[in-house]
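Peer 1: Chains as they are written, first to last, in UniProt numbering: chain E, 1 to 268; chain P, 1 to 268; chain S, 1 to 268; chain Y, 1 to 268.
Simulated from the structure, these hints should not be mistaken for lab results. In this text the structure is predicted, and so the values were computed from the model without any measurement. Accuracy of the hints is not assured; some may be wrong.
Copies of the same chain look alike in the list, so a pair counts if it works inside one copy or between any two.
[To be verified] List of simulated lysine to any residue pairs, SDA-like, C-alpha gap at most 25 angstroms:
#1 K95 - E13
#2 K208 - S4
#3 K10 - V88
#4 K5 - D150
#5 K208 - R130
#6 K216 - H259
#7 K5 - R17
#8 K5 - L183
#9 K5 - A149
#10 K208 - L183
#11 K83 - D64
#12 K95 - D64
#13 K5 - K187
#14 K66 - Q122
#15 K66 - S37
#16 K83 - F65
#17 K5 - D249
#18 K66 - R130
#19 K95 - L62
#20 K10 - K95
#21 K10 - N90
#22 K10 - F33
#23 K5 - R257
#24 K5 - E258
#25 K83 - K95
#26 K83 - E138
4 protein chains.
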Amino acid sequence: MAKSKFEYVKTFEIEDRCLPGCWIVVRIDGKSFHRFSDVHHFVKPNDERALGLMSRAAQKVLEDFKDVVLAYGQSDEFSFVFKKDTSVYNRRNSKIVTNVVSLFTSAFVLYWPRFFSTQDLQYPPSFDGRVVLYPNDEILRDYLSWRQADCHINNLYNTVFWKLVQDKGLTPAQSQQRLKGTLSSDKNEILYSEFDINYNTLPELYRKGTVLIRNKETDGSNEARSKSSFSNSHKSNLFSPRISVLHVDIIGESFWREHPEILNSKKL
Amino acid sequence: MAKSKFEYVKTFEIEDRCLPGCWIVVRIDGKSFHRFSDVHHFVKPNDERALGLMSRAAQKVLEDFKDVVLAYGQSDEFSFVFKKDTSVYNRRNSKIVTNVVSLFTSAFVLYWPRFFSTQDLQYPPSFDGRVVLYPNDEILRDYLSWRQADCHINNLYNTVFWKLVQDKGLTPAQSQQRLKGTLSSDKNEILYSEFDINYNTLPELYRKGTVLIRNKETDGSNEARSKSSFSNSHKSNLFSPRISVLHVDIIGESFWREHPEILNSKKL
Amino acid sequence: MAKSKFEYVKTFEIEDRCLPGCWIVVRIDGKSFHRFSDVHHFVKPNDERALGLMSRAAQKVLEDFKDVVLAYGQSDEFSFVFKKDTSVYNRRNSKIVTNVVSLFTSAFVLYWPRFFSTQDLQYPPSFDGRVVLYPNDEILRDYLSWRQADCHINNLYNTVFWKLVQDKGLTPAQSQQRLKGTLSSDKNEILYSEFDINYNTLPELYRKGTVLIRNKETDGSNEARSKSSFSNSHKSNLFSPRISVLHVDIIGESFWREHPEILNSKKL
Amino acid sequence: MAKSKFEYVKTFEIEDRCLPGCWIVVRIDGKSFHRFSDVHHFVKPNDERALGLMSRAAQKVLEDFKDVVLAYGQSDEFSFVFKKDTSVYNRRNSKIVTNVVSLFTSAFVLYWPRFFSTQDLQYPPSFDGRVVLYPNDEILRDYLSWRQADCHINNLYNTVFWKLVQDKGLTPAQSQQRLKGTLSSDKNEILYSEFDINYNTLPELYRKGTVLIRNKETDGSNEARSKSSFSNSHKSNLFSPRISVLHVDIIGESFWREHPEILNSKKL
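This is chain E alone, in the form it adopts within the complex:
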């Protein structure tokens, strides 16, 4: 069996190393999750079980990949930020993104029953992933702001949309028509005047998404805390003691001022 005769095919594997000195962000997105959420009867507009499971799977990624300094998730997506000078897998693009997306998926499926106790998985869900490089802190923050702004915009829309459907009996098409061309202020007004809802009092989990960061190592007393509004409803062992689960604004300065170690991860 002339093994060596075939070995030349390895030369077709082309290096895909990420540029050094850049933040490596892996973003994963659920594939066809519109259908997936229908089939599995997700509560609309936000299903706490699904959001909790997403968060739990993301925590697994942080547990295994020590160079992830922050993760941000909303809806069916999660972004993982590797520190600028990580040398994980020699910074090989494919190696990084496939390991992350595979581990996330694996945890999502394995932990499913802990979050969906009465709803079996009907088929294997999957996620795609991509690596994006951001060369400095400012642009990395703009990336995260982009995702959190997206969370807000979608959640505001979905909140009104589903209120119109669930409480007013509009069809999805009618609801969509009603919202066409409305501004954020219009949507806030509809919520307030028609449903007596002050959008800003809705759970931050929905409005801000989920931020995962590592607890500072000296900060032992705070371990295992979770500010998640729904964390108490699950067994505490679902969560990683060394990771904080936050639902806070990361667009403004205060978060970053409070957690300077995230962007200064090189020095840790």
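Once you've looked at the hints, dock chains P, S and Y against the given chain E.
Peer 2: Using the frame of chain E, we list chains P, S and Y on its own:
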């Protein structure tokens, strides 16, 4: 919420389209499966449950990705061959490899209990993946030959190694020492003279690995067949009716002569 | 002087190796040659001096890069075909394309006075370049056909356009307007009926462009031949004895049948 | 002539856009300039004509590429720094590097007679080029420091090497042997004790290389100045009035403090 202000970060996403006209091969590999197989008490050197599960997860990939014309697996790896002119995801490298590895992982975890009825998953297993492009049929075949030759070499080694450990009571270190520098013929001889085993009569599943191809569409009478030596021990619905599971030589000419549609997939 | 302190910056150089097994084509194009041809009073629509100089510069590339098996040029562009299995510069994309474009440019400027004896260069002309990979012979031929078809289409247009301007006194704008929407057959008809020109009798240099191939090594008696219609008007030492300069059709089969060694370059 | 039939080959051109937000450095190097300098009788260890020509060709690049904020050259190499947010050629790697290397080469050949009045070019010289991305100012400066440190190290070596050959009559092999394993301090000592040369008083052109920057626009009174020690020996019209030619240290802070506009080029 000035969304547009942050949208510029999308320009950091760089196109990674695969060269047209080339076979796209996605190969996935289990991450740290040596440890994984220990923790989950895999039978050595070959665990039929694990091989069956790998095959089932791979079939799920073929079910969802119609442009995969062949998959080849052995041990904890699987290679998926997309036809040369596929336009799946506009041939974007990351999109293809992450979707495949995620779906495979998802199926692996979801279908685990069907194959390991008495052994729970202890933690989420994961796989890495890569895309490799092969510009013509000859090189693609050499790639597949490389993997199948690798299967043979490893299986022969592992078969003798574990016989020495399991039947002769050697420690792993002693067994390794015994096999150091031996040729294939030496290993065959050890099997024959010391264990009365003719290597060539061992199951083809072990010696050849697993080949998945689509049944010819006109070939309705053969649907749902599986030549897998272990398929009968599982429920028939574990397998895809339109996919053949083979354990045959793909290095020589005869397989390709028998299945000309694989390399001529463009015309299908 | 701590040299090593800075050496880490080399890690920012990312490998850009070309996929093995593919034809490597380097195509170079004149930068702003519309302006360049005006400033240097090129004869329109075809300036034999310029075409001769382009051809001579391209021959220099073939002299220095032995793995170029064919070059095709027209107007201000030239394509160089490296054999499939070339290992020049370890197939590094940037290395290959920059060396070719630099040598071509250098020869173009250095040999300028031999072709433009009464016209000094007014400023340094330049060319851009790119590498494109073609995975098989059929697609490579289609690439070359694409360039030669482009040569024909542009030359037919330019021939009529300049006839209308030079002989009929139309302004460029009027000439352009006259040709708007015309088919090839219309343009042939204008040439024939208004200028008594049978397009197919115009020099093949204009209609077919320039093909450079290496003389077969056994073919010593034919060395230094040039089928170029204008080669006799220049000193013979302008041309490389081992390279044939042809103005022939490369879209049809006959050229390739006559020169099977080009596509079979691997075996040479 | 079915043009469209062949147009599909354009899909084989793969995008090679440079990551936004990074400094784009194009470095070009002379190909086989050891031989080239011998054939053209360069003065060793430094030929002012050659260095002047390199500088002049580099100035041409700055004249045509307005987004180059600094160029640094030494020996047969030159590095061009494009500002971080340049959108030249949509940041396409090949387009940028080939245009720069081609224009540089073209100017080098065209301006050759102005610098080498008594020495004709014997054959077309060429340069290779590469793009390297640097994600922040600190790393960019380290890159430039790397090149200038290299200039110093090589020049010190070459200065002693050629003194030993030219003044002491050593063969090149003997000179090389003499210098084997010597430190910088040793070489300085040889120069001082054996040749009465204080290395630090040698021309900065040799010791520091050449820095090209744009004159500040308000700085009209200083236009056309050149601090080059050899500029007076050539016609003033060889030089670009808006570009300063400096031979200064760029490793330390003072250069950058004096020219903050270079790194802040975005704001210009």
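Peer 1: State for each hint whether it applies.
Peer 2: Here is what the structure says about each hint:
1. Taking CA atoms no more than 25 angstroms apart as the test, K95 paired with E13 passes in both settings, with 12 angstroms inside one copy and 17 angstroms between copies.
2. Within a single copy, K208 and S4 get their C-alpha atoms only as close as 55 angstroms, which misses the 25 angstroms cut-off; across copies the closest is 18 angstroms, which meets it.
3. In the homo-oligomer, the alpha carbons of K10 and V88 lie at most 25 angstroms apart both inside one protomer (22 angstroms) and across protomers (19 angstroms), since each shortest distance falls under that limit.
4. Taking the shortest alpha-carbon separations for K5 and D150, only the inter-copy value of 12 angstroms comes in at or below 25 angstroms, while the best intra-copy value is 52 angstroms.
5. Only within a single protomer do K208 and R130 lie at most 25 angstroms apart by alpha-carbon distance; the minimum there is 23 angstroms, versus 34 angstroms between protomers.
6. Taking the shortest Cα distances, K216 and H259 sit within 25 angstroms of each other inside one copy (9 angstroms), while across copies they are farther apart (41 angstroms).
7. Taking the shortest Cα distances, K5 and R17 sit within 25 angstroms of each other only across copies (22 angstroms), while inside one copy they are farther apart (28 angstroms).
8. When the C-alpha separation of K5 and L183 is checked against a cutoff of 25 angstroms, the pair qualifies only between copies, where the shortest distance is 17 angstroms, while the shortest distance within a copy is 65 angstroms.
9. Taking CA atoms no more than 25 angstroms apart as the test, K5 paired with A149 passes between copies only; the shortest distance there is 10 angstroms, against 55 angstroms inside one copy.
10. In this assembly of identical chains, K208 and L183 lie within 25 angstroms of each other by CA distance solely inside one copy; the values are 19 angstroms within and 60 angstroms between copies.
11. Taking the shortest alpha-carbon separations for K83 and D64, only the intra-copy value of 14 angstroms comes in at or below 25 angstroms, while the best inter-copy value is 35 angstroms.
12. Proximity of K95 and D64 under a CA criterion of 25 angstroms is satisfied in both settings, with 14 angstroms inside one chain copy and 23 angstroms between copies.
13. Within a single copy, K5 and K187 get their C-alpha atoms only as close as 67 angstroms, which misses the 25 angstroms cut-off; across copies the closest is 21 angstroms, which meets it.
14. In this assembly of identical chains, the alpha carbons of K66 and Q122 lie at most 25 angstroms apart only when taken from different copies (21 angstroms versus 33 angstroms within one copy).
15. When the C-alpha separation of K66 and S37 is checked against a cutoff of 25 angstroms, the pair qualifies only between copies, where the shortest distance is 24 angstroms, while the shortest distance within a copy is 31 angstroms.
16. Only within a single protomer do K83 and F65 lie at most 25 angstroms apart by alpha-carbon distance; the minimum there is 11 angstroms, versus 34 angstroms between protomers.
17. Taking the shortest alpha-carbon separations for K5 and D249, only the inter-copy value of 17 angstroms comes in at or below 25 angstroms, while the best intra-copy value is 58 angstroms.
18. In this assembly of identical chains, K66 and R130 lie within 25 angstroms of each other by CA distance both inside one copy and across copies; the values are 19 angstroms within and 22 angstroms between.
19. In this assembly of identical chains, K95 and L62 lie within 25 angstroms of each other by CA distance both inside one copy and across copies; the values are 16 angstroms within and 22 angstroms between.
20. Proximity of K10 to K95 under the C-alpha cut-off of 25 angstroms is found in both arrangements, the shortest distances being 16 angstroms within a copy and 22 angstroms between copies.
21. Within a single copy, K10 and N90 get their C-alpha atoms as close as 18 angstroms, and across copies as close as 15 angstroms, so both meet the 25 angstroms cut-off.
22. Taking the shortest Cα distances, K10 and F33 sit within 25 angstroms of each other only across copies (22 angstroms), while inside one copy they are farther apart (36 angstroms).
23. Taking the closest pair of Cα atoms, K5 and R257 come within 25 angstroms of each other only across two copies (22 angstroms); inside a single copy the shortest separation is 59 angstroms, beyond that limit.
24. In this assembly of identical chains, K5 and E258 lie within 25 angstroms of each other by CA distance solely across copies; the values are 24 angstroms between and 59 angstroms within a copy.
25. Taking identical chains as interchangeable, the C-alpha atoms of K83 and K95 lie at most 25 angstroms apart whether they share a chain (16 angstroms) or sit on different chains (23 angstroms).
26. Both within a single protomer and between protomers do K83 and E138 lie at most 25 angstroms apart by alpha-carbon distance, with minima of 14 angstroms and 17 angstroms respectively.
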